[in-house]
Amino acid sequence: MTAGLVNAKDGRAATSNRVRLDVGPFSLHVEHVPGLPLVASRAFVRGGARLEPSPGWSHLTGRLLAEGTRTRDFAALAEDAESRGAWQQAFGTGETFGAVVDTVSTDWRWALDHLLEVLLEPAFPEERLDWLRRQVQAELESMKDQPDIRTHLAFLDQLFAPHPYGRPVQGTPESLAELTVEACASWHRRALGWGGCLCVAGDVDVDAVLEHLEPRFRALDAPASEVPVPPAPIDAERRREIDLKGSEQAHLFLGQRTVARTHPDLAALEVLGVVLGSGGLSGRLPLQLREKEGLAYHVDVSTAAGCGLDPGRFSVYIGTSARHLERAEASIRRELERLLTDGVDAGELEEARGYLLGRAPFRYETLRQRVELMAVAAIYGTRDDDPEWWPGRLRAVQLADVERVARTWIDPEKLAVTVGRPLRQPSA
Amino acid sequence: MTQIPAQGAIADRPAALLGDIRRFIEGVSTRRLDNGLDVHVASDRRSPLVACAVAYRAGTRDEDPAYGGVAHFLEHMMFKGAERFGAGEIDRLTQAAGGVNNAFTSHDSTLYYFTFAADRWRLALDIESDRMAGLNLAAEDVEAERQVIHEEISMYEGEPWDMLLRGVQAAAFGRHPYGRPILGTRATLDAIGAEQLRQFHRRFYRPSNAAVVVVGDVDVDAAHAAIAERFTLPSPPAPERPSPPAAERGARRVERHQGELARLEVALPTPPVTDPDHAVLRLLCSVLTLGRSSRLHRLLVDDQQLALWVSADAQQTLDPGVLGMTAEAVPGRDPGRLEAGILDALRELVDEPPSSAELARARQLMMADWLFGHERLEQRAFLLGGASALADLALPVRSMERLLNATPDELLRVAGRYLRPERAVIGWSWPEAGDADDGEPDR
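Respectively, the protein sequence lines represent chains A and B. Numbering of the first sequence is given in the working numbering, commencing with residue 1 and proceeding in unit increments. Numbering of the second sequence is given in the working numbering, commencing with residue 429 and proceeding in unit increments.
Note that these hints are calculated values from the structure, not bench results. Hints should not be assumed to be uniformly reliable.
Pair ranges (Cβ atoms, derived) [claimed, not checked]:
no., chain 1, residue 1, chain 2, residue 2, range
1, B, A785, A, E121, 21 to 31 angstroms
2, A, A224, B, P476, 35 to 45 angstroms
3, A, R109, B, G447, 40 to 50 angstroms
4, A, N17, B, P673, 34 to 44 angstroms
5, A, R239, B, P673, 50 to 60 angstroms
6, B, E568, A, V227, 37 to 47 angstroms
7, B, E668, A, L399, 52 to 62 angstroms
8, B, G447, A, D207, 51 to 61 angstroms
9, A, T180, B, D762, 20 to 30 angstroms
10, B, E568, A, P228, 29 to 39 angstroms
11, A, E241, B, E668, 49 to 59 angstroms
12, B, T702, A, I149, 50 to 60 angstroms
13, A, P53, B, H685, 36 to 46 angstroms
14, B, H685, A, A330, 28 to 38 angstroms
Heads up, the beta-carbon is just placed ideally off N, CA and C, and yes, glycines get one too.
Whenever a hint applies, use it, and build me the whole structure from the sequences.
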């Protein structure tokens, strides 16, 4: 049960407009959000890439959900949704797979029935697997055309392999070639037993929505099975260089693994991230590398990127001219050394905290954001669905916390470094 | 079990959704200050936030070609300090207040925006009024930012899609400024100094050539008062905008090599966004590619499996622009069939209007998409700023009404006028030599 909610009755926990109901391994989350005649709905199953035995298995299983059910093929599903102006999609991520239906709020019953049909009655048609596999393989090729993404994938592999966070959720061309519809159907069955959540936000009556959903989940026959444990990362190499065809720029990533979503250091790390530059151009690293040295258009910083049930990463990225690579890396290292030596001053802490507190309402602006945050709360066991919870954690962060997490999670001697270097010489 | 509402209820839905859009636009309070500044305020209390945008009626279209990129360069320099807020202050204060800021330069206009919590949004007005009055443009700041833009150019040059679209745009427009890259070229970028930036600012960044938009958790009268109090700069009338040479239309091919996949853009001429036919073209784009049931998605992606995806959209421009149809080819498939499939679909629309079911679906999707796409205050501020810069605030409603009411005869006429394949510029980005086994088709 989600803490911090009031008016608990009949096994439900609720605020005036938000309700959660646990039914077996699934939790149902509904929020009434007036203002626009819309509803967003999402189903998430705890069978993401982090648990899969073969790369791409979960992602392909997720995407196959919309390719046909016991009673309708993919075209009939799409036609039904789109003739009402509804948007449907199926997905697979690192933590979950599932489906999405967003539409006008008067259609909420139809939307939930459609979502449940896709989630619980998929047919996994063979011919659609062949085409989807080919699509996903081509998407992997397309990603390789973007030099920054190509370098980033090498960086993730370096930091996380063999853990699944170290590879694209799409898998590899080789692993995709071996996946079968039987494997996907089997993964789907197993994962339903591990549970998940269904989240709904919009101009809807929360009680009516729960009454509509609850019997379906009560009737769900999903046998429990042992949840796999993902392999631990191995620090194989400290520095990696890759060649980039067709790129004018060099791409540089530096980083280290940090914390999972539920780790108590997360709030202090987020504050530290803003000090370093995750909040925009006035952070230390963008200020130095872009504003003072003019080395880049983009300088990205994160202290817990990709964190989920397993640890995410501290990372600094810069895309710059190849002739400036060494200078850029030296500047980044200098700033990190300065952080560890001199710490953070109180003014920086307050500005960083002010930024994150000011940003907090932005997280709940859209219905799609709200259902995603409900899912975050359900899957990770946090209280991200409560708009007061994260600001409270931020307010509790002290200067000593920020300096401690910097020393704990950032070690310039142990940073993994990935360099994507253009084969073609820059034109200027 | 699926519940099917009465067909009438579904068929009437686009008109009901248009009511939501119309209520938003009609709820905007508009005033013009004595100095000519247009002010638009909409109270929207769904979130405790306020988005503030300033749109200038100046962009790449207004540049001297010798200094191509000056509009975009100036956009960067607007964050480098003016009289009250010095270099670095704008970003520092935005961050400390937990806000966001950014800006976009297009060929026709330039838009700046901030979003803040509702208790501190007036900081946006303080910053915007300060930098509208004049900029510092210190030599060292200009030089540092020039290097940043060189890196931005390099970043786009590494992206096959960006380079293809740029090549097609150049071929479609010839000497018209829409054919020039918004960032300029490296040569024109190097030619720009503080003086050119100052001149562009002085000429175009004046109250009579701008609109301030505020959307969010505000009291309308208090917001108007706050704006009037700050934007007191006297202003000569809005400058005459240049009359660019006409685009050089005609069929052409653009071919380049980059990356590992084959990518296609088919560009067709369109009228300006203010022309009633423009909305009809957007409806036809949706019939072709919006959603999985659309003609080309069904044909080229799901049935023939020639494309990973296919998309179409008509640029919203002050002068006649282009409608771009783009697709990413599936490796190992004949890309010639992909091109032919798109051109055949255009011919079909020229010969016969879409079915009533296709039109109903496209309209449903467009209206729902609009609402989901404008949930955020910032998106609503962009909409109003863009409409104000290009025409007037009623433009989005006129456009929606037009696409909801267009008759089959009108669709046929518009398709016949604009969607003729013989007028297309066709651009291909092929895999680099030796990358893949699916290069150009034999021709």
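Tested hints:
Checked against the given bound of 21 to 31 angstroms, the beta carbons of A785 (chain B) and E121 (chain A), roughly 26 angstroms apart, stay inside it. A C-beta distance of roughly 43 angstroms is found between A224 (chain A) and P476 (chain B), which places it inside the suggested range of 35 to 45 angstroms. Taking 40 to 50 angstroms as the suggested C-beta distance range, the pair R109 (chain A) and G447 (chain B) does not conform, at roughly 22 angstroms. A C-beta distance of roughly 58 angstroms is found between N17 (chain A) and P673 (chain B), which places it outside the suggested range of 34 to 44 angstroms.
Take R239 (chain A) and P673 (chain B): their Cβ atoms lie about 53 angstroms apart, and the range 50 to 60 angstroms holds. In this structure, E568 (chain B) and V227 (chain A) break the distance hint of 37 to 47 angstroms, their C-beta atoms being roughly 58 angstroms apart. The supplied range of 52 to 62 angstroms is met by E668 (chain B) and L399 (chain A), whose beta-carbon atoms lie about 57 angstroms from each other. For G447 (chain B) paired with D207 (chain A), a C-beta distance near 28 angstroms fails the hint of 51 to 61 angstroms.
Our hint of 20 to 30 angstroms for T180 (chain A) and D762 (chain B) holds, since their Cβ atoms are close to 28 angstroms apart. About 57 angstroms separates the C-beta atoms of E568 (chain B) and P228 (chain A), a value inconsistent with the hinted range of 29 to 39 angstroms. For E241 (chain A) and E668 (chain B), the hinted distance range of 49 to 59 angstroms is satisfied, since their beta carbons lie about 54 angstroms from each other. Roughly 39 angstroms separates the CB atoms of T702 (chain B) and I149 (chain A), a value that falls outside the hinted 50 to 60 angstroms.
Separation of P53 (chain A) from H685 (chain B) is about 39 angstroms and conforms to the stated range, judged on CB atoms against 36 to 46 angstroms. H685 (chain B) and A330 (chain A) have their C-beta atoms about 35 angstroms apart, which keeps the hinted 28 to 38 angstroms range intact.
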